[in-house]
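Novice: What follows is each chain in one-letter form.
There are 2 protein chains.
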Amino acid sequence: MERPHNFSAGPCILPLEVFEKASQSVIDLDGSGLSILEISHRSSAFVEVMEKARSLALEHLNLQNKGYKALFMQGGASMQFLTTAYNLLEKKAGYLDTGTWASNAIKEAKNFGEIEIVASSKESNYNFIPKNYSIPQGLDYMHCTSNNTIYGTQMKSFPDSDETPLICDMSSDIFSRDLDFSRFGLIYAGAQKNMGPAGATLVVVKEDILGKVSRTIPSMMDYKLFIKKESMFNTPPVFSVYVSMLTLEWLSRNGGVSAQEKKNRAKSELIYSEIDRNSLFEGFTGKEDRSMMNATFTLNDESLASRFDELWKSANINGLHGHRSVGGYRASMYNALPLESVEVLVDVMKHFEKTL
Amino acid sequence: MERPHNFSAGPCILPLEVFEKASQSVIDLDGSGLSILEISHRSSAFVEVMEKARSLALEHLNLQNKGYKALFMQGGASMQFLTTAYNLLEKKAGYLDTGTWASNAIKEAKNFGEIEIVASSKESNYNFIPKNYSIPQGLDYMHCTSNNTIYGTQMKSFPDSDETPLICDMSSDIFSRDLDFSRFGLIYAGAQKNMGPAGATLVVVKEDILGKVSRTIPSMMDYKLFIKKESMFNTPPVFSVYVSMLTLEWLSRNGGVSAQEKKNRAKSELIYSEIDRNSLFEGFTGKEDRSMMNATFTLNDESLASRFDELWKSANINGLHGHRSVGGYRASMYNALPLESVEVLVDVMKHFEKTL
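Chains as they are written, first to last, in the working numbering: chain A, 1 to 356; chain B, 1 to 356.
Simulated from the structure, these hints should not be mistaken for lab results.
No experiment lies behind these values; they were computed from the predicted model shown.
By construction, the Cβ of each residue, glycine as well, lies at the ideal position given by its N, Cα and C atoms.
Possibly wrong hints are sitting among the right ones.
As the list claims (entries may be wrong) - List time: in silico SDA-like cross-link candidates among lysine to any residue, alpha-carbon distance up to 20 Å:
(1) A:K110 with B:I217
(2) A:K206 with A:D222
(3) B:K224 with A:N111
(4) A:K110 with B:D222
(5) B:K229 with A:T100
What the hints assert, rightly or not - If you want the footprint, here are the derived chain B segments under chain A, 3+ residues with CB under 8 Å:
(6) 4-13
(7) 16-25
(8) 30-42
(9) 78-88
(10) 104-118
(11) 225-238
Please work from the sequences and hints to get the whole structure.
Specialist: In structure tokens:
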């Protein structure tokens with residue numbers, strides 16, 4: 001059977017060669033006769049995997065030898081909403097409110113200190129990224145969300161914050177584009193978009209921003225402890241880290257983040273051109289804030305939905321429905337999604353127009 | 001290549017048919033053309049997996065329709081050390097100190113209230129399970145660890161606690177023996193022994209013990225929220241839950257917990273008989289507290305270690321070294337380890353004796 005064109009918003013498509021190698025390693029890891037699922041996390045085989053994954057993460061962000069550490073933790077971005085506050089919030093932090101995830105991050109942090117919402121697009125159902133704000137003085141950190149999967153918006157520039165550490169949730173666009181990552185004090189990302197299977201969470205932190213809060217930090221939330229224990233304070237999510245390593249290796253073999261950015265740009269330009277050209281559809285977000293990862297759009301005439309749905313489903317497309325809070329459609333085009341899948345979708349949209 | 005006899009203490013052996021099915025699903029889940037790693041956690045395919053895994057967990061513990069809920073969370077037992085205290089510790093809790101993990105649980109809970117160590121075997125390097133203690137009045141809960149992987153001790157009976165909810169870390173012996181699980185208010189277990197790959201954590205909780213603390217509980221730690229959201233407050237560790245479901249199905253096909261207990265008893269009797277018979281070896285723990293899961297033993301003459309190590313390694317045995325805090329050897333015999341593997345180990349021990 002031909003593999004579906006998988007536009008799922010996450011967990012999402014990973015490279016086929018990663019699936020193939022991971023599948024083999026579930027039976028037999030590199031000829032050891034043991035499954036990747038049954039080896040000790042203290043075995044040399046897995047210690048190498050963990051080190052490789054951490055080192056590749058730093059390499060792809062161009063953050064080696066710049067005072068940063070890469071950690072693997074558990075619990076996804078939702079756990080990081082809490083963990084960042086535990087480790088970094090002493091008195092007051094600033095948050096950019098650009099969507100559901102940003103808003104959830106704010107909710108969790110409020111239990112640890114004062115939160116200032118520096119800018120928000122909540123009033124317009126988050127269909128744009130706020131601009132023209134400045135970071136107030138005296139914040140412990142400033143938190144933002146680089147890509148908003150539900151709404152399909154993406155930050156194209158980041159606030160200047162020379163004094164204030166900039167914390168960024170990059171769950172849905174990490175490793176998808178080249179940025180000056182050294183502008184960030186801490187970056188976190190759930191694995192399940194561009195990195196690997198759900199269950200692992202990448203944290204990249206500049207060590208010198210840590211150790212400044214007065215509270216006791218629980219072991220499982222303590223970045224300094226995870227640095228010291230090389231992400232093995234307890235049993236890590238072995239398989240998710242392993243597949244993340246495979247995906248980061250695939251990224252290396254394919255030109256790294258900048259080559260990937262070109263591909264992502266081509267995919268997103270193709271779909272947005274069609275959304276703008278095709279009179280049946282309308283984009284959900286402001287054009288200047290459109291995400292390269294998640295293109296959100298609606299039918300101008302909702303009554304045509306079932307006919308459109310039938311068409312894309314019969315073209316072997318998966319996962320195109322929009323999030324319930326926005327409705328319509330969402331084409332998620334993470335790193336591993338081939339251009340051909342977007343071409344098939346665009347063909348369906350063109351064909352749909354002709355049938356009417 | 002023949003598969004090694006895998007005595008790894010965890011992550012550990014799982015049934016070969018589980019590895020085979022999981023491997024296939026990493027390429028193609030049930031003929032969908034999609035990998036288990038790339039499907040949405042909101043897809044009907046995965047929602048069914050999650051429901052099946054939760055329902056099988058309750059079924060194997062004989063806790064259906066008794067006011068209990070089964071949850072899947074992340075972070076392993078170490079995160080539960082914290083989560084249990086967040087949810088349940090208002091003033092004072094009692095802990096049984098039977099080893100490293102119990103001691104870590106105590107450390108994390110101390111930030112939330114007063115901890116009374118009701119009994120401890122710390123003074124004798126945890127080589128027995130304390131007995132003849134009684135649970136003090138007025139505790140929010142009493143916490144114990146049913147099996148201590150590092151030392152190879154296992155609780156054979158549990159304290160009477162009609163008034164006080166009994167909380168048990170069963171990470172390393174859940175689904176290995178039949179108990180009256182309705183005596184517990186909350187049971188938790190990292191997946192990576194008898195259930196599945198590292199990355200998922202099972203929590204089985206009696207609903208009526210929740211909702212009694214006054215603090216705000218962070219979302220990712222809130223049992224009530226995870227019950228309400230059916231373990232999908234955020235993206236769960238999809239693959240680990242899926243493989244846990246496969247293992248729980250395998251357990252059902254093989255007679256469930258009571259049939260498994262018989263097998264585990266046979267395996268452990270075989271190894272302990274040899275430890276007691278063979279003058280070269282000595283068991284680490286008191287006989288009455290010996291674990292069915294982890295048999296710990298040492299060589300009476302440490303200078304023979306390299307010769308013994310060579311023998312078992314050449315017999316294709318993996319993971320027999322003891323934990324660094326105890327030394328010697330540890331034969332972990334989790335559910336999926338076949339009796340034949342223990343026979344091979346016992347043969348090696350006998351053969352070793354003859355060569356001297």
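Novice: For the stretch 4-13 of chain B, does the count of residues with a C-beta closer than 8 Å to a C-beta of chain A reach 3?
Specialist: holds (count 8)
Novice: Can you confirm whether chain A covers the stretch 78-88 of chain B, using C-beta to C-beta distances below 8 Å and requiring at least three such residues?
Specialist: Holds: 4 residues of the stretch 78-88 of chain B have a Cβ under 8 Å from chain A.
Novice: Taking only the CA atoms, is the gap from K110 (chain A) to D222 (chain B) under or equal to 20 Å?
Specialist: Given that 20 Å is the threshold and the Cα spacing comes to 16 Å, the pair holds.
Novice: Verify the coverage statement for the stretch 16-25 of chain B against chain A, using a C-beta to C-beta distance below 8 Å and requiring 3 or more qualifying residues.
Specialist: With 5 residues in contact (Cβ-Cβ under 8 Å with chain A), the coverage given for the stretch 16-25 of chain B holds.
Novice: Run the distance test for K229 (chain B) versus T100 (chain A): straight-line Cα separation, threshold 20 Å.
Specialist: 16 Å, holds
Novice: Under the criterion that the straight-line Cα-Cα distance not exceed 20 Å, is the pair K110 (chain A), I217 (chain B) satisfied?
Specialist: 12 Å, holds
Novice: Go check the stretch 104-118 of chain B versus chain A for me, would you? Three or more residues, Cβ under 8 Å, otherwise it fails.
Specialist: Holds, because 4 residues of the stretch 104-118 of chain B bring their Cβ atoms closer than 8 Å to Cβ atoms of chain A.
Novice: Is the straight-line distance between the alpha-carbon of K206 (chain A) and that of D222 (chain A) 20 Å or less?
Specialist: 14 Å, holds
Novice: Can you take a look at whether the stretch 225-238 of chain B is actually covered by chain A? Rule is 3+ residues, C-beta closer than 8 Å.
Specialist: holds (count 6)
Novice: For a C-alpha distance cap of 20 Å, please report whether K224 (chain B) and N111 (chain A) respect it.
Specialist: 18 Å, holds
Novice: Confirm or reject the coverage of the stretch 30-42 of chain B by chain A under the rule of 3 or more residues with a beta carbon closer than 8 Å to the chain's beta carbons.
Specialist: holds (count 10)
In the structure shown, no violation is registered for any of the earlier numbered hints.
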